[in-house]
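Undergrad: Sequence:
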Amino acid sequence: MAPRSKAPRRTPTDLAPLFEESRGPERIAKRLARAGLCSRRDAERWVADGRVKVDGTVLTSPAVNVDDASVILVDDKPLPVIEPPRLWRYHKPAGLVTSNRDPEGRPTVFERLPKDLPRVVTVGRLDLDSEGLLLLTNDGALARYLELPATGWVRRYRVRVFGPLDEARLANLRKGVTVDGVEYGPIEVTIDKASRTNSWLTVGLREGKNREIRRVMEHLGLTVSRLIRITYGPFQLGDIEPGGVEEVKRRVLKDQLGLEKGDDSGYARAKPKRTGTPPPSRKPAPRSGAKQPTRAGGDQPTRPGTLRLKPKSAGGDAPGPRSKGGSAGADRRRKAPRG
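Its first residue numbered 1, the sequence shown is counted upward by one per residue in UniProt numbering.
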């Protein structure tokens, strides 16, 4: 089987236009959606209904580009000020559908969001029975960027399963697995708690195909009874209560995306590339036996690293407290959620 080609990884320079106040010419439907009035599909219907004017002319087709100089009216009212991209962390409860409308009449995420939120879209999805961290944004282009596996961001889940654990087969998931003809990428699994009746796992993956974890676990003879997403890249669920929403600070969002801090408007520019300037010299490594720097309030030497989840001792089946915070730094410093 020929190896799959990897999607090109987008750089902060590619992402910078999302945070610029002026994005240049764009389709009228996209401009209306960015203004938070409606979805692109609804915008196209508004155009067909003759509700949209550009520079005094009623549009009859959505195949029209507009720019900053265009005078746009919807129902003879000017567009509201377009906000810069914003991001929220939402604790999705189980039992909600991640869509605007459900043909079966089940409650949706959007029906339960606070009324003071602007129009938002979700970054990816969580299925009906899943719960935990769901990112929301007011910018569709940012949502699509954050959904790309090319970002390299790991999404971690606490998963309760019923059935016998086969540690060797779980370890082999790091190589990827094919289930019913569907190829799944590498999956990291750590056993947190194990008992005769059920076990708690921490599962990490870099792409999120439909019901991926449930299908892979079923392939291993395990039944998922609870699935909680606790991180999405550098953003953590923390201690947000079910149904709660917290906005990610603009400086944190731009920092995690590798962009410079902007002005008070919230817009940012990409960091300029270095042009031949030599990197700063590194300090020499300490001699053997030299005292290492320590963290404030502790006696362990500081050193960079990533979150390492270690197996916990056997115990109850409650998920237990989760780590707090919403940034990558917290992910490194804090312990994994106790099971």
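Careful, some of the hints might be misleading.
[Unchecked claim] Using 25 Å as the maximum straight-line C-alpha spacing, the simulated BS3-like pairs for lysine-lysine come out as follows:
#1 K77 x K30
#2 K30 x K115
#3 K77 x K53
#4 K249 x K115
#5 K209 x K175
#6 K77 x K115
#7 K30 x K53
FYI, nobody ran anything at the bench for these hints, they're computed from the structure.
Undergrad: Run every hint past the structure and note whether it holds.
TA: Against the structure, the hints come out as follows:
1. K77 x K30: Since the Cα atoms of K77 and K30 sit roughly 18 Å apart, the hinted pair holds (cutoff 25 Å).
2. K30 x K115: holds, 24 Å
3. K77 x K53: This hinted pair holds, its Cα atoms lying about 10 Å apart.
4. K249 x K115: holds, 20 Å
5. K209 x K175: holds, 16 Å
6. K77 x K115: Status holds; Cα separation ~23 Å.
7. K30 x K53: holds, 15 Å
In terms of the numbered hints stated before, the structure departs from none.
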